[in-house]
Amino acid sequence: QKEVEQDPGPLSVPEGAIVSLNCTYSNSAFQYFMWYRQYSRKGPELLMYTYSSGNKEDGRFTAQVDKSSKYISLFIRDSQPSDSATYLCAMTFSGYSTLTFGKGTMLLVSP
Amino acid sequence: NAGVTQTPKFQVLKTGQSMTLQCAQDMNHNSMYWYRQDPGMGLRLIYYSASEGTTDKGEVPNGYNVSRLNKREFSLRLESAAPSQTSVYFCASSQGSTRVEQYFGPGTRLTVT
Chain B
1 QKEVEQDPGP LSVPEGAIVS LNCTYSNSAF QYFMWYRQYS RKGPELLMYT
51 YSSGNKEDGR FTAQVDKSSK YISLFIRDSQ PSDSATYLCA MTFSGYSTLT
101 FGKGTMLLVS P
Chain D
112 NAGVTQTPKF QVLKTGQSMT LQCAQDMNHN SMYWYRQDPG MGLRLIYYSA
162 SEGTTDKGEV PNGYNVSRLN KREFSLRLES AAPSQTSVYF CASSQGSTRV
212 EQYFGPGTRL TVT
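The listed protein sequences derive, respectively, from chains B and D.
1 is the number of the first residue of the first sequence in the working numbering; add one for each residue after it.
112 is the number of the first residue of the second sequence in the working numbering; add one for each residue after it.
If you are wondering where the hints come from, they were derived from the structure by calculation, not from laboratory data.
Every residue gets a Cβ at the ideal spot worked out from N, C-alpha and C, and that includes glycine.
Hints are all accurate, no fakes.
Examples of chain B residues lying across from chain D (beta carbon under 10 Å, computed):
#, residue
1, 8
2, 32
3, 36
4, 38
5, 92
6, 97
Given only the sequences and the hints, what does the whole structure look like? Please build it.
If you want it as structure tokens, here you go:
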């Protein structure tokens, strides 16, 4: 079993839809959970991160962590064509250890 | 602020050739990283440097060497390229010793024939 599992997609939605992107993980020692967005042929950029359990909101984006289920989610409200990208989850044991990435989910938002 | 820059953007090598990928950051970050990204494999850490003068192996270090030339620059060398090293290579950096907020460069697309 891989440490971090992420459905590769593509996930296709119409503009304005609510999008849910998810990752599952196997190691309960992970404490920091990140979401990176990667546009085609570009480097990843950090969207947001959470520490331990709970929710974090930033504009149209909400990150959610359920440590009891080893499951993290990224919700995108009012999705836009400009949200079309690959979304990578990542996690780490502490702020000072290396990151473990998921393989990424490709999202396509059609106008 | 350019952020993280990488050169070259594209490179084609023949098996057995050597090359160095260059990375520089202008954010005064202490930590720098080299990743490779392959279809279906995600991002995998090759080497990282927590501070100037230190380097450590990541998940897939075989076939690579690195040099932390100074605080700004971190280079990745392929001594004898192999087709299995065909990939997109990303350099990243982060503030202090924390790994969480990493800033990535635009990538180098390398093909080894």
